[in-house]
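Asks: Those sequence lines, one after another, are chains E and Y. Sequential numbering of the first sequence, starting at 549, is according to the numbering used here. Sequential numbering of the second sequence, starting at 10, is according to the numbering used here.
Calculated from the structure, these hints are not laboratory results. Among the clues, some could well be false.
Here are some, though not all, of the chain E residues that point toward chain Y, as calculated from beta-carbon distances under 8 Å [claimed, not checked]:
#1 557
#2 561
#3 592
#4 594
#5 616
#6 750
#7 752
#8 755
#9 787
#10 806
Pairs of lysine-lysine, DSBU-like flavour, derived with a Cα cap of 35 Å [what the hints assert, rightly or not]:
#11 E:761 / Y:243
#12 E:552 / E:824
#13 Y:260 / E:551
#14 Y:15 / E:762
#15 Y:174 / E:552
#16 Y:201 / Y:15
#17 E:551 / Y:15
#18 E:551 / Y:174
#19 E:762 / Y:249
#20 E:552 / Y:235
#21 E:761 / Y:249
#22 Y:12 / Y:222
#23 Y:260 / Y:197
#24 Y:174 / Y:47
#25 Y:206 / Y:249
#26 Y:47 / Y:235
#27 E:552 / Y:206
#28 Y:205 / E:552
#29 Y:174 / E:762
#30 Y:249 / Y:260
#31 E:552 / Y:197
#32 Y:206 / Y:222
Listed below are several chain Y residues computed to face chain E (Cβ distance under 7 Å; list not exhaustive) [what the hints assert, rightly or not]:
#33 93
#34 160
#35 276
Ideal placement from N, C-alpha and C gives every residue a C-beta, glycine not left out.
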Amino acid sequence: MAKKIGAHDGENRTHDSYFLKPGRYYLQGNQACIEGALMAGCRVYAGYPITPAVETMEYASQRFPQVGGRFIQMEDEIASACALIGSSWGGVKALTATSGPGFSLMQETISIAVMSETPMVIIDIQRAGPGQGYITASQQDVMQARWGHHGGGPIIALAPSSVQEMFDLTIEAFNLSEQWRTPVLVMVEETVGHMREPLVIPPRDAIEVIERKKPQDLGIPPQDYLPWGHGVVAPMANWGDGYNVNFVALVHLEDGNIARYSPQANYHCVERLQNKIEGNVDEISRIETKFLEGCKHLIICYGAVSRTAMEAVIEAHEGNGLELGYIRLVTLWPFPEEKMRKIVGNVDTIFVPEMNLGMMRHPITEALRDRCKKVVSIPSFGILHSPEYILSRIQEETS
Amino acid sequence: MLKYLKEEGPLGPRLPLIFCPGCGSGQVLNYTLHAVDKLIEEDEVRRENFLFISGIGCSGRITSHYLNFDSAWTIHGRALAVATGALLANPAFKIVVFTGDGDTGSIGGNHFIHACRRNIDVTILCLNNGLYGMTGGQHAPTTPLGAITTTTPYSNREEAFDLCKLAEIAGAPYVARWTTAHPQQVIKSIMKGLRKKGTALIEILSQCPVHEKMSPVTLLKGFRTKTIHVNKAKESTVGKTFIGEFCDLDKREWNESYQEIIDQFLRTNDKIDE
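Okay, chain E solo, but in the shape it has when bound (with noise of 0.2 Å):
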C-alpha cells in the first residue's frame, strides 16, 4: 500500500539513517541544494531534465526515496511546477530546479502560486542568453524571477554564493516559503551549480525547520476558517485535513469569497498580496556588507560574483588603496532599498558587476541614485568575472 508521506511504519522502521551525518563533505552545487531541502522537511520532488540544471534532477531521483520522499520526472516543466502546487497543498514541501527554458515554462505555475499563497521552491540553475542561448553561467533570470510571471504579483528569491549557501539558502527559502505562504525562488548561477567545494552539515536538530501555520493548530474549526484570513499570513488548511477547502487563484476576499467581483475588491487582493512581501521586506530580505564606512565607491554584487568582487575589494584595500565599500544582496526580491538607504552614505561611484549586461542595477540606481554621482555597470557574459577584471574596470573608472 501506498504511504503517506511521513505516515509511520508499523514496524518501527525509519528513514533516519539516511540523512547526512553532520561533518565535512565534498558536493556539487546542484547536490547541496538537495541535502538542504531534505533537511528542510521536502519531500516531493517533480522535475524534468535541463542543462545545467541536470544534477540537482539526478540526485533527488537517489536522495528523496532514502528519506521517504517521492521523486518524479514529469512530462514538462509546466507539469513540474504544477505538481509542486499539488504536494504543497497535499501538506508536503516540494522542490524543483531548472533553467532558463524551463524556468520561463513555469512563469504560469508561478503566478498561479503567489496568488494562491502557495509555499513551494524553484531552482533555478541559470544559463546565459535568451532562446537556447548557451549553457554555461549567467545571471539573465533575475528580472524574470521578479516580473516574469504575469500579473506582477511580488515574489521572494535568494542568491546563493557559494556549495555550503546552496544547502543553508535553501533551507531559508523553504522557510520563507512556509512563513510567508509564497513560492521562492532560488536564483543560482551554472557557476554555483556545477562548483564543487567543501561543506558543512550541522546536526539535523540545529537547523532551524519553519512549518506553515495551520488554523487546527491556531484552534480555527473549519466553520470559522477564513481561507484568505485570520492575519497578513492567512494559515493554510491542507487538503485531506477535513476543512474542505477550495483552492482558487482568481482575485479573492478573506472569506475566500469571489463572488463580489469589483475593482475595489481586486485592488484590495492585490494590494494584500504585495503588501504581505513587500511590507515586510526588511524582515525577509537580507545583505552583507564590508568596507562601508567612510567609503569613497561602492561596489554591489550578488551570487557567485559576490565572491569574485570580495577579492577585488580586498585587493583594493591592500594593494591599491582604493576606498571600495562592498555590499552583496542575499535577497535579490523583495529589494532591499530601505535597508541599503539606511547604509549608504554619499559615494563617488557605485559599481555594479554582474553575468548579464546590467539588470539589478536599475534597481540599485532607483535606490541610491541620489547618494552617487553615477552608477557603472560591469558586465559579464557566460563566464565569471574574474577579480583582476572588476579591479581593472574600476580603475579605469576612477583614475
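Go by the hints and put chain Y onto chain E.
Replies: Then chain Y, alone, in the frame of chain E:
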C-alpha cells in the same frame, strides 16, 4: 445529494447552478455525487479523502464553489499535473478530475497522455461538448470535421480527437464513454473508476445548447440515437459514436509501485548499507 454541496459558495447560493440552462455540467455533478455517496456509504471512504480538481473552462466551474469537499480550480489543462503532485504527497486521496475536451485534448494533452501512461490514481471525468463553451463556442480538438464554430466560420478542416482511444493507447486501465443521457451508466463507471487503483477516463458527451443552438431535449435525444454501445458494433455504426466500456484492466498504479523503492530504505538501526 445536497449535503455534499455548500449552501453558499464563493459565487453565491448553490441553487440555481451557475451553468447555462440545459447545460450538461449540472447533470455530471449530480451523477458524480451519486457515485461519491455510494463510496462513502458502501466502501466507507472518508469524506476528507475525496479531492476534486479541475482546470479551466465550463467543466472547471464544477469545482469552483459548490462542492463541500476539498477542491481545486487550477490552471487550464493542468489539473492532472496538480493531481499528480497531490498524490505524491498523499496517495490516499480519491481524486476526481473534472475536465473538458479542450482542457484535456488540447492545452492539457501532454499531461493527459502521461497521467494515463504513469497510471496515477485519478478518475478523469471529461465533459465533451465538442467546443470551447466558456470563451464563446470556438472549435476544439473534438469538433467534428466540417462544423461551423466561431473560429471555423468557413467550416472545420481538422479531424476530431478520439480521447478514449488516446487514453487506452497511452495506458489508462479503465476507459469508458457515455453521455449525459446515460445517468446510471455514468454513475456506475465513476464508481468503477474511483474503486480502481489507477487512471480512469470517463468521457461524457455533454450538451451545450447555447453554442450548439439547439434545445437541450433535442441534444439529449440525439445522444440516445446517435450513439451505439460498443458491444453492438455488429449493427450499422455509420455516423454513430461508440459508447460503453472500452477497457477495464488491472495494472500497477504509480504510487503502489514507487512505494517498493521507498520501503527499501526503511531501517531499524542507524547504519546505512554500503
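Asks: Going by Cβ atoms only, is residue 752 of chain E closer than 8 Å to chain Y?
Replies: violated (12 Å)
Asks: Does residue 160 of chain Y pass the interface check with chain E, least Cβ-Cβ distance below 7 Å?
Replies: violated (22 Å)
Asks: Is residue 174 of chain Y close enough to residue 552 of chain E, meaning Cα to Cα at most 35 Å?
Replies: Holds: residue 174 of chain Y and residue 552 of chain E sit about 33 Å apart, inside 35 Å.
Asks: Within 35 Å, alpha carbon to alpha carbon, are residue 552 of chain E and residue 206 of chain Y?
Replies: holds (15 Å)
Asks: Straight-line Cα separation of residue 12 of chain Y and residue 222 of chain Y no greater than 35 Å?
Replies: holds (34 Å)
Asks: Given the proposed pairing of residue 174 of chain Y with residue 762 of chain E, does the C-alpha separation stay at or below 35 Å?
Replies: violated (43 Å)
Asks: Holds or violated: residue 552 of chain E with residue 824 of chain E, Cα cutoff 35 Å?
Replies: holds (32 Å)
Asks: Tell me if residue 592 of chain E is really an interface residue toward chain Y, meaning its C-beta lies closer than 8 Å to one of theirs.
Replies: Nearest chain Y Cβ about 5 Å off; hint holds.
Asks: Assess, step by step, whether the Cα of residue 551 of chain E is no farther than 35 Å from the Cα of residue 174 of chain Y, and give holds or violated.
Replies: Between residue 551 of chain E and residue 174 of chain Y the Cα gap is close to 32 Å, so the pair holds against 35 Å.
Asks: Quick one, are residue 174 of chain Y and residue 47 of chain Y close enough, alpha carbons at most 35 Å?
Replies: holds (29 Å)
Asks: Does residue 15 of chain Y sit within 35 Å of residue 551 of chain E, going by the straight-line distance between their CA atoms?
Replies: holds (30 Å)
Asks: The hint names residue 787 of chain E as touching chain Y; please verify it with the least Cβ-Cβ distance against 8 Å.
Replies: Holds, because the Cβ-Cβ distance from residue 787 of chain E to chain Y comes to roughly 4 Å (cut-off 8 Å).
Of the hints listed earlier, those the structure fails to meet are numbers 6, 7, 8, 11, 19, 20, 21, 29, 32, 34, in rising order.
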